[in-house]
Amino acid sequence: MTNPEKNLPKEMLAVIISVVTVYVLGFLVVIRMLRPKIAHDSAPLAIAFANHFGLLGKLIIIFGTVGSILGVAISLSYSTPFIVSSLANEHELLPHFLGIKSKKGSPWVAIILTALLCILLFLSSNYLFLVPCSVIVSLVQYFMTSLSMLKVQWKKKGRSKVKEHGFQLKGGIIIPSIALIVCIYILINLEKKVIIFGSILLGCGIVIYIIDFLFKKIRN
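Going by my numbering, the residue at position 144 of the sequence shown is 144; the numbering climbs one at a time, nothing skipped.
It is worth saying that the hints were derived from the structure and are not from the lab. Among these hints, one or two may not hold up.
What the hints assert, rightly or not - With a cut-off of at most 20 Å between alpha-carbon atoms, the simulated SDA-like pairs for lysine to any residue come out as follows:
hint: 1; residue 1: K193; residue 2: C183
hint: 2; residue 1: K193; residue 2: F129
hint: 3; residue 1: K151; residue 2: L180
Claimed, not checked - Listed next, with one range per pair, are the computed distances between beta-carbon atoms:
hint: 4; residue 1: P4; residue 2: S102; range: 31 to 37 Å
hint: 5; residue 1: A43; residue 2: K10; range: 31 to 37 Å
hint: 6; residue 1: I83; residue 2: V207; range: 18 to 24 Å
hint: 7; residue 1: L56; residue 2: L201; range: 38 to 44 Å
hint: 8; residue 1: V152; residue 2: S68; range: 32 to 38 Å
hint: 9; residue 1: L55; residue 2: I83; range: 39 to 45 Å
hint: 10; residue 1: S102; residue 2: L55; range: 46 to 52 Å
hint: 11; residue 1: M33; residue 2: V152; range: 41 to 47 Å
Quick reminder that beta carbons are idealized off the backbone N, C-alpha and C, glycines included.
I would like the entire structure built from these sequences, with the hints used as guidance.
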């Protein structure tokens, strides 16, 4: 990509706006088709298609949903172990043993760990519980990113305008502030057990980081 500093944010915004537009239009159609009955259906889009196209319409939506989930799961099964390995080796945010690789460069420890974690989550609950769990994991990332952007923008405040390399966020603290408000709004509307689950995961991560930090300090 030519000039990624300028074009990458534009491309990301274009993708986000396109996806949101499709989702909003789809749900507007479903709401108009089902009206009050949408509040009592766990799969409103499938029910709406079933009302107009019969069993075939419902099956199309169900298989499309399953295919979409499998696509995301397969892509994450490839990327997640390498992210874990990178956090352990390059950024030193996870225990070093998670970054152990085979002779061919595969992070086999991270692959086994993430596979076991996925199996436990799959066997321990249902899909309707795991979906908001994935939301709260993403919220942690977005929340911390927004906080970091607030810190960066605050540090820039009062400085003389000097040409800087990297991503330039226009609007100062407005965008990260809005992002924080949206994250908090989504968080308070999640189920209590989902918030507890996310808090446990966050606590485990903090404990692992502290233990690994103390071990490194002792070794040095």
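Range hint 32 to 38 Å: satisfied by the CB atoms of V152 and S68? Once the Cβ atoms are compared, 35 Å apart, the range 32 to 38 Å for S68 and V152 holds.
If you check the beta carbons of L56 and L201, does the distance land in 38 to 44 Å? Cβ of L56 to Cβ of L201: about 40 Å, so the range 38 to 44 Å holds.
Distance restraint hint 39 to 45 Å, applied to the beta-carbon atoms of L55 and I83: At roughly 41 Å between Cβ atoms, I83 and L55 fall inside 39 to 45 Å, so the hint holds.
When you check the alpha-carbon spacing of K151 and L180, does it fall within 20 Å? holds, 13 Å
Between K193 and F129, is the straight-line Cα distance small enough, at 20 Å or below? Roughly 9 Å separates the two Cα atoms, so the pair holds.
Hint check for L55 and S102 - Cβ pair distance inside 46 to 52 Å: holds, 48 Å
State, for the Cβ atoms of I83 and V207, whether the hinted interval 18 to 24 Å holds or is violated. With a Cβ separation near 20 Å, I83 and V207 satisfy 18 to 24 Å, so the hint holds.
Mind checking the hinted window 31 to 37 Å against the Cβ distance between P4 and S102? holds, 32 Å
Hinted pair, alpha-carbon criterion (20 Å max): K193, C183. Please report holds or violated. With a Cα-Cα distance of about 18 Å, the restraint between K193 and C183 holds, given a limit of 20 Å.
Distance restraint hint 31 to 37 Å, applied to the beta-carbon atoms of A43 and K10: 35 Å Cβ-Cβ, so the 31 to 37 Å window holds.
Assessment of proposed distance window 41 to 47 Å (beta carbons of M33, V152): With a Cβ separation near 45 Å, M33 and V152 satisfy 41 to 47 Å, so the hint holds.
Of the hints listed earlier, there is not a single one the structure fails to meet.
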